[in-house]
Amino acid sequence: MTDGYHPSEQQRQRTAYRRRRAVRSVLLAAVSTAVLGTLLVVAVTGSPGWERVRASFFDPRIARESLPAVLDGLWLNIRLLVVCAALALAVGLVVAVLRTLRGPVFFPVRALATSYTYMFRGVPLIIVIYLFAFGIPGLRLTGTPGVLVLGGAALVVTYGAYLAEVFRAGIESVHPSQLAAARSLGLSYRQTMRHVVLPQAVRRVAPPLLNDTVALQKDVGLVSLAGPIDAVRAAQIATAENFNYTPYVVAAVLFVLLALPLIAVTDWVTLRAARRQNAGT
Amino acid sequence: MLLAVDRVRKVFGTAVVLDDLTLDVDEHQVVALIGASGSGKSTLLRCVNLLTEIDDGTIRLDGEDITDPRVDPDRVRRRIGMVFQSFNLFPHMTVLDNITLAPVKVHRRAAAEARNQAREWLDRVGLADKADAYPDRLSGGQQQRVAIVRALVNNPRLLLLDEVTSALDPELVGEVLTMVRDLKTEGMTMVLATHEMGFARQVADRVVFLDGGRVLESGPPEQVLGDPVEPRTRQFLARIIEAGRL
Numbered sequence: 714m715t716d717g718y719h720p721s722e723q724q725r726q727r728t729a730y731r732r733r734r735a736v737r738s739v740l741l742a743a744v745s746t747a748v749l750g751t752l753l754v755v756a757v758t759g760s761p762g763w764e765r766v767r768a769s770f771f772d773p774r775i776a777r778e779s780l781p782a783v784l785d786g787l788w789l790n791i792r793l794l795v796v797c798a799a800l801a802l803a804v805g806l807v808v809a810v811l812r813t814l815r816g817p818v819f820f821p822v823r824a825l826a827t828s829y830t831y832m833f834r835g836v837p838l839i840i841v842i843y844l845f846a847f848g849i850p851g852l853r854l855t856g857t858p859g860v861l862v863l864g865g866a867a868l869v870v871t872y873g874a875y876l877a878e879v880f881r882a883g884i885e886s887v888h889p890s891q892l893a894a895a896r897s898l899g900l901s902y903r904q905t906m907r908h909v910v911l912p913q914a915v916r917r918v919a920p921p922l923l924n925d926t927v928a929l930q931k932d933v934g935l936v937s938l939a940g941p942i943d944a945v946r947a948a949q950i951a952t953a954e955n956f957n958y959t960p961y962v963v964a965a966v967l968f969v970l971l972a973l974p975l976i977a978v979t980d981w982v983t984l985r986a987a988r989r990q991n992a993g994t
Numbered sequence: 110m111l112l113a114v115d116r117v118r119k120v121f122g123t124a125v126v127l128d129d130l131t132l133d134v135d136e137h138q139v140v141a142l143i144g145a146s147g148s149g150k151s152t153l154l155r156c157v158n159l160l161t162e163i164d165d166g167t168i169r170l171d172g173e174d175i176t177d178p179r180v181d182p183d184r185v186r187r188r189i190g191m192v193f194q195s196f197n198l199f200p201h202m203t204v205l206d207n208i209t210l211a212p213v214k215v216h217r218r219a220a221a222e223a224r225n226q227a228r229e230w231l232d233r234v235g236l237a238d239k240a241d242a243y244p245d246r247l248s249g250g251q252q253q254r255v256a257i258v259r260a261l262v263n264n265p266r267l268l269l270l271d272e273v274t275s276a277l278d279p280e281l282v283g284e285v286l287t288m289v290r291d292l293k294t295e296g297m298t299m300v301l302a303t304h305e306m307g308f309a310r311q312v313a314d315r316v317v318f319l320d321g322g323r324v325l326e327s328g329p330p331e332q333v334l335g336d337p338v339e340p341r342t343r344q345f346l347a348r349i350i351e352a353g354r355l
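Heads up: the protein sequence lines correspond to chains A and V, in order.
Sequential numbering of the first sequence, starting at 714, is according to my numbering.
Sequential numbering of the second sequence, starting at 110, is according to my numbering.
Quick caveat, the hints were computed from the structure, so don't treat them as lab data.
On a predicted model such as this, the values are computed, not experimentally measured, just so you know.
For each residue, glycine too, the CB sits at the ideal point set by N, CA and C.
One or more of the hints may lead you astray.
Unchecked claim - Beta-carbon label-pair distances, calculated as ranges:
(1) A:Ile840 / V:Asp174: 55 to 61 angstroms
(2) V:Arg290 / A:Thr813: 18 to 24 angstroms
(3) V:Asp181 / A:Gly856: 41 to 47 angstroms
(4) V:Gln311 / A:Thr728: 50 to 56 angstroms
(5) A:Thr813 / V:Arg184: 20 to 26 angstroms
(6) V:Glu280 / A:Val748: 56 to 62 angstroms
(7) V:Glu280 / A:Thr813: 14 to 20 angstroms
(8) V:Asp241 / A:Val748: 50 to 56 angstroms
(9) V:Asp174 / A:Leu984: 52 to 58 angstroms
(10) V:Asp174 / A:Arg815: 22 to 28 angstroms
(11) V:Asp181 / A:Leu970: 53 to 59 angstroms
(12) V:Ala352 / A:Pro889: 25 to 31 angstroms
Unchecked claim - Covered by chain V, according to a simulated footprint, are these stretches of chain A (three or more residues, beta-carbon under 8 angstroms):
(13) 886-898
(14) 902-915
Based on the provided sequences and hints, a complete structural model is requested.
This is the structure:
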């Protein structure tokens, strides 16, 4: 291809024009970003209450002092996130598969799975956490786990319901012709699900699944309502000590930093999925 | 008789798709189903493979009534291979995994043995270098040949081919038809729905013209395609010739 090929005058002009355009758009983007940034900074710092807000939300000394405690709390969030995400994904997958079962024998299972997803997508997470963390110990059963586990269970149950719907959407998106092909080979319904439908379904819904995991990442902070000292609770304690809200900002920044890698992975997976879909056609 | 379709009826809503349809297929026989879209060709094949439930009549395979509700459809399908118009390869599996899935999971064959057999088949149909490729890297004709191999490795008694060349570019039709022709030489019993009249003439022992869910005319290809008795058949063939497909 390359040997002996010289771009025509027309093509060289086109290339040069495109390059000039590219340079211009980069410059334009830089200028507009700078303008907008300056405007924002001026608007915020020029506001009448800025000095007081800065003192009570952005105090560097308090930020430094509260950081170790908040970080300590964040370690709990991370562990809770990993365990809850894994369990919620498992619950979601199982419930989604249960909802697809056919036949009269499975009616109660199906009904239960369906009402579960309806109910826990409707109830606010905070209420579920309260009910689990304060209601279940109220039963005074022996062997009742601690509030941390109960709070985690509330997260798993709530997110499991959302993830179940995502998985179900994936299962339903697999074309019926794939099922026909699998069944025509003699595969049973279970084998078809296991080897043909679910692998395709999970690949397809990987981006929304990961996105829900990002949402779970921050909602893990809500278990602080039940009492365990996570990053949010640690920030609250530090806030109460100084009557200064900076520890909350510290916690917020840490949560964002925690989410960044997960968000990056989600974007990457989404991009890859989109590319694969385009390649298919 | 290998396959006996006896007075089968299939209704979708108010549309009668198969109307009292009777058709026998002997072992080693190749039967071509022709007819306009909606005449019931595909539905008949799906009913034989129990992918669609019939509303009346019986279908027998090797003398066994497979439409008896007590029959396990999975067991019946193990004896029947089916190839679809749109190939329906599993996109998340390599060619080799597509082919070995049923031998390993359904027929409980050893994985290594199944892979060897699959490679032999791929070699035979000239796709040995595609074993580890994913279906989206293959042309339509290659995908359809893989789909045929995927059905054949299970040693079916009967092979159903549902318009296997209809989704292919014209220049890719030949490679698939050659493969089907080879299967006939080997004595495979086949029922194929097709719009390729030239191919039906070459490969079929019997051509069956379906119209409105009934067998309107049936006989040797020269007779049905060359000198049809029924005016409807003549009309259909005239339209096909007009479209340049004969």
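Consistency of the hints with the structure:
1. A:Ile840 / V:Asp174: 55 to 61 angstroms: Given a distance of about 57 angstroms, which is inside 55 to 61 angstroms, the answer is holds.
2. V:Arg290 / A:Thr813: 18 to 24 angstroms: violated (41 angstroms)
3. V:Asp181 / A:Gly856: 41 to 47 angstroms: Given about 45 angstroms between the Cβ atoms, the range holds.
4. V:Gln311 / A:Thr728: 50 to 56 angstroms: Roughly 54 angstroms apart at Cβ, these two residues keep to the hinted range, so it holds.
5. A:Thr813 / V:Arg184: 20 to 26 angstroms: holds (23 angstroms)
6. V:Glu280 / A:Val748: 56 to 62 angstroms: holds (58 angstroms)
7. V:Glu280 / A:Thr813: 14 to 20 angstroms: About 41 angstroms separates the Cβ atoms of Glu280 of chain V and Thr813 of chain A, which means 14 to 20 angstroms is violated.
8. V:Asp241 / A:Val748: 50 to 56 angstroms: The hinted range 50 to 56 angstroms holds for Asp241 of chain V and Val748 of chain A, with Cβ atoms some 54 angstroms apart.
9. V:Asp174 / A:Leu984: 52 to 58 angstroms: The hint (52 to 58 angstroms, Cβ to Cβ) holds, given that Asp174 of chain V and Leu984 of chain A are roughly 54 angstroms apart.
10. V:Asp174 / A:Arg815: 22 to 28 angstroms: holds (24 angstroms)
11. V:Asp181 / A:Leu970: 53 to 59 angstroms: holds (56 angstroms)
12. V:Ala352 / A:Pro889: 25 to 31 angstroms: holds (29 angstroms)
13. 886-898: holds (count 8)
14. 902-915: Check passed, 5 qualifying residues.
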